[in-house]
Amino acid sequence: MGLEVNPAVWKKLQDWHQSPECREYIDTTRSQIRLEAISAKHAESLAVRQAGTALKQKANVYIPADDDELSDVDLSNKELTQPKKPQREISTDAIVTNWVQEQGRSMDTVASMENPVTHAHEGLMLVNINMVNDSTPFSEPGGGAQDQEAKYKVDVNALQEPDVSKFSSTQLMTSKNWKKVMGKVECYRQMLAKKHCLHDPLYYYIVDHSGQHGPTMSLLHKYLPAMRGSLAKEARFTLPTMSDGQAHLFNQLFVAKHPDDISVKTDEERRIRDLVTSIVKAISMPGKDNIGKMEHTMRNVVPFLDATIGCDEECRVHYGEQTLEPTAVQHDIGCNPINRAQCGYKVDIIVEYQQLNWLPVVACGEVSGGLPQCSHCKEWLDTLKLGLELRDVWIMAQTELVIADAYNLVVWGFTVVGRKLRIYALAAVEQLFHLVLVEEASLPSSHHDLINTEHVYLTMVGFGKKVEITKRMLDNWNQQRVAARRERERTPEQRPK
Numbered sequence: 001m002g003l004e005v006n007p008a009v010w011k012k013l014q015d016w017h018q019s020p021e022c023r024e025y026i027d028t029t030r031s032q033i034r035l036e037a038i039s040a041k042h043a044e045s046l047a048v049r050q051a052g053t054a055l056k057q058k059a060n061v062y063i064p065a066d067d068d069e070l071s072d073v074d075l076s077n078k079e080l081t082q083p084k085k086p087q088r089e090i091s092t093d094a095i096v097t098n099w100v101q102e103q104g105r106s107m108d109t110v111a112s113m114e115n116p117v118t119h120a121h122e123g124l125m126l127v128n129i130n131m132v133n134d135s136t137p138f139s140e141p142g143g144g145a146q147d148q149e150a151k152y153k154v155d156v157n158a159l160q161e162p163d164v165s166k167f168s169s170t171q172l173m174t175s176k177n178w179k180k181v182m183g184k185v186e187c188y189r190q191m192l193a194k195k196h197c198l199h200d201p202l203y204y205y206i207v208d209h210s211g212q213h214g215p216t217m218s219l220l221h222k223y224l225p226a227m228r229g230s231l232a233k234e235a236r237f238t239l240p241t242m243s244d245g246q247a248h249l250f251n252q253l254f255v256a257k258h259p260d261d262i263s264v265k266t267d268e269e270r271r272i273r274d275l276v277t278s279i280v281k282a283i284s285m286p287g288k289d290n291i292g293k294m295e296h297t298m299r300n301v302v303p304f305l306d307a308t309i310g311c312d313e314e315c316r317v318h319y320g321e322q323t324l325e326p327t328a329v330q331h332d333i334g335c336n337p338i339n340r341a342q343c344g345y346k347v348d349i350i351v352e353y354q355q356l357n358w359l360p361v362v363a364c365g366e367v368s369g370g371l372p373q374c375s376h377c378k379e380w381l382d383t384l385k386l387g388l389e390l391r392d393v394w395i396m397a398q399t400e401l402v403i404a405d406a407y408n409l410v411v412w413g414f415t416v417v418g419r420k421l422r423i424y425a426l427a428a429v430e431q432l433f434h435l436v437l438v439e440e441a442s443l444p445s446s447h448h449d450l451i452n453t454e455h456v457y458l459t460m461v462g463f464g465k466k467v468e469i470t471k472r473m474l475d476n477w478n479q480q481r482v483a484a485r486r487e488r489e490r491t492p493e494q495r496p497k
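Counted from 1, the sequence shown has number 141 at position 141 by the UniProt record's numbering; the numbering is strictly sequential.
For the record, the hints were derived by calculation from the structure and aren't laboratory data.
Careful: at least some of the hints might be erroneous.
Claimed, not checked - What follows is a list of derived Cβ distance ranges for each label pair:
| hint | residue 1 | residue 2 | range |
| --- | --- | --- | --- |
| 1 | Val264 | Val302 | 14 to 22 Å |
| 2 | Val302 | Gly245 | 23 to 31 Å |
| 3 | Glu489 | Val264 | 51 to 59 Å |
| 4 | Asp405 | Leu359 | 16 to 24 Å |
| 5 | Val302 | Ile262 | 40 to 48 Å |
| 6 | Gln18 | Met298 | 56 to 64 Å |
As the structure is a computational prediction, the values presented were derived from the model and not from experiment.
Quick reminder that beta carbons are idealized off the backbone N, C-alpha and C, glycines included.
The task is simple: from the sequences and hints, build the whole structure.
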């Protein structure tokens, strides 16, 4: 049965199809089609169909689906034929100003939107996994990250120096405040320019508490302290104290000409001695301030990991651009892997907990280039990438522990920017992921600041303790999941009376 087509619409489609602009669009689209099972003829027809969709967007003319009927369209209607004006870029200050001026029904409408998949826990509506946006600039197939960076620019003027966040026990968020925050975030996301969206944490519902992302600070600075006060207590970081014996050993190693000659008794003292020996070699080598990323990682970062979390027999530490499975799983949700398979982010350092069958990742680390320090753009990209990695690790845990109540999970990570070590915690509450900078330490660069080794060592010891807490929480939730599953599978006769 033939399909009746409006002649005017069909003529408009044919004219555009014969134009050079359309042919270029078809050629570009065809090159992106990776389905091996589709023949060349089918690929051509599919490219033409997508070109028709582009015409619809350009002229706002209705183009039917294959099984749809083409209704009459009046091309004289200016509302149909007039191209839409591009959305105007609005600065963050303008967003905040307009938001304050328009408080009332518009804010309530945006902020009170109910999400069908939310979870109540202690009176808080927690993050909805279905809201996660996976259009990220770090996982495009064929090394597309550089192409994405060229297309979507990082607004360097919006970046600031990050600060360690302080936690307040007196300021807490109310339900009304959370609604206002979600309304602000949704409004900001709608007005966000496309060229900046992929490098903006709020685009992924991630709140940067460090102040590094200026627009987030401008938009939510009033609520950030109370937000941190509402996070799980496990997100708070306390720097461990050093014992007198450890302090004495460090002093001996710092003044010794050959630290490896100092005698030690315990395994912990041996690890400290090996750490100082490695760091002394790193800061004494020629060209120590002009090295690449891999050499910087192995000389200045790995020794601290080997002396702390690397000694954990329950974990395995992976080094050097390892694929993070949770990101690949998250990106493939709702996608055809034959058409576009995602391989996940390449992460510099992954800490994997090996005592559970699904091998959960409990920590990640990103090294932002070598020495000298990288640009602010690269620094921010790696920080945002870490936030997305921790977000996907959190979501993976929720998927595996679906029966248990694991929403208080806190995932840990760190970045190394030049000689700065930064510890981050990621927690989720009220439909938002919160990335909090909890500690910062300076790596030693010469014999004059070799004492920085103590601070970095204690920082990584504290990081290891937080990872230990995360592991125990996972063990507990996994037991709850198994118990709940067993109870669900019991027959009425098997259940205790």
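Outcome of the hint check:
{"no.": "1", "hint": "Val264 with Val302: 14 to 22 Å", "verdict": "holds (20 Å)"}
{"no.": "2", "hint": "Val302 with Gly245: 23 to 31 Å", "verdict": "holds (25 Å)"}
{"no.": "3", "hint": "Glu489 with Val264: 51 to 59 Å", "verdict": "holds (53 Å)"}
{"no.": "4", "hint": "Asp405 with Leu359: 16 to 24 Å", "verdict": "holds (22 Å)"}
{"no.": "5", "hint": "Val302 with Ile262: 40 to 48 Å", "verdict": "violated (21 Å)"}
{"no.": "6", "hint": "Gln18 with Met298: 56 to 64 Å", "verdict": "holds (59 Å)"}
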